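Participant: These are the residues of each chain, in order.
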Amino acid sequence: MLNDCAPGAVIEFKPHKTWVHWNGRTYWDLPLGKHGARQNPEIQIGHVKRMARFFEILDCAKKSLRLQ
Amino acid sequence: MTHYPLLFARREKVEGNGFIARVAVSGRVLLTGEEDGEFWVEGVNPGGMAANGKTANEALAQFCQDFLAVLFDIASDAKDFEGFREQVKRFFEDTSRPALQEWEEAVQQVRAGEVDAGWLIKRPAETKLGVEVTLFSQPAATNNHLGEMALAA
Numbered sequence: 021m022l023n024d025c026a027p028g029a030v031i032e033f034k035p036h037k038t039w040v041h042w043n044g045r046t047y048w049d050l051p052l053g054k055h056g057a058r059q060n061p062e063i064q065i066g067h068v069k070r071m072a073r074f075f076e077i078l079d080c081a082k083k084s085l086r087l088q
Numbered sequence: 327m328t329h330y331p332l333l334f335a336r337r338e339k340v341e342g343n344g345f346i347a348r349v350a351v352s353g354r355v356l357l358t359g360e361e362d363g364e365f366w367v368e369g370v371n372p373g374g375m376a377a378n379g380k381t382a383n384e385a386l387a388q389f390c391q392d393f394l395a396v397l398f399d400i401a402s403d404a405k406d407f408e409g410f411r412e413q414v415k416r417f418f419e420d421t422s423r424p425a426l427q428e429w430e431e432a433v434q435q436v437r438a439g440e441v442d443a444g445w446l447i448k449r450p451a452e453t454k455l456g457v458e459v460t461l462f463s464q465p466a467a468t469n470n471h472l473g474e475m476a477l478a479a
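Residue numbers (the numbering used here), protein chains in the order written: chain A, 21 to 88; chain B, 327 to 479.
The following block holds chain B by itself, in its conformation from the complex:
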């Protein structure tokens, strides 16, 4: 198995009960190429989620879609914006410890030149993590963001 330590950045708009929220996340995920040829992506932060695919890109695309689906479920569950924000923070901050341990080992392999993912840009593994949940009140083109997957190095 090959592990790739990735940094995951997304900015999503989510409608909830009486509010529109913007969720900006900078997280970590572990991409694994399994022996059977399948790829899995496990969340480190946000933990508690995983996606798979026949290729790395398919697994990563599925992970992004699942991430949005979890946000939609949290929004449908939340009575108000504060409840939504609290749950999204809980979702993000609940680290997957087994995935984190492998993510950190994989960073060392990237730094040693043993693992590479030429299709991804590289960012420092120490890139600041976090999630910002804000009320969406003033639309502006500058809020648009494509998101990014990067190899942590």
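One chain only, chain A, in its complex shape:
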């Protein structure tokens, strides 16, 4: 999704959260750890949607992730 909708986005893993930097802005609160997606995919998708809203790429993200 980031490749399609936020090209050049940089992901940084921190002790508690994952940061995503794009277009001069940062989403600070992505709980996507090494095994996060496997543990609770519903919650992860919800967080990805909020991140896409913050970056104002939600329409693109919905198409990319095939979400409603």
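These are calculated hints, taken from the structure and not from any lab test.
A couple of the hints might just be wrong.
[Unchecked claim] Computed list of lysine-lysine pairs in DSS-like fashion (alpha-carbon distance at most 27 Å, straight line):
id, chain 1, residue 1, chain 2, residue 2
1, A, K34, B, K339
2, A, K69, A, K83
3, B, K405, A, K69
4, B, K339, B, K415
5, A, K82, B, K405
6, B, K415, A, K69
7, B, K405, A, K34
8, A, K34, B, K415
Note that this is a predicted model, so its numbers are computed, not measured.
Knowing the structure of chain A, use the given hints to seat chain B on it.
Facilitator: Frame of chain A, contents of chain B only:
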């Protein structure tokens, strides 16, 4: 979906590399009751964060914990106090524009009596926002603060 415009006040102590800082924030968050029964809290200021829960209280508690976790990550990243302060201000000031637009619309709904949250106190939506990051050098009981969530009206 129901949107609740909330005012968010916290005072946290954070240890960093060679410093202890106090972060006092007065921000805005948007609480949303989704159609599937879940609740989400999105930061307006600070933007760039969100939390969810099965109840409004659970989502709000998770948001407060996530807020602290982000501060801890910024502290672990910062070389010194100045670097920490600069990043915390950047975190706070990067407004979520979509959430802000819905927050402002929700304030109008509260004022029109269409939305209420009886479990929260009300504060004026124009309450001053901001973040203060100060070096923590003199402990005092007067520094203690429980924090608050209020409905913006």
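Participant: Which numbered conditions among the earlier hints are violated in the structure presented, ordered from lowest to highest?
Facilitator: 3, 5
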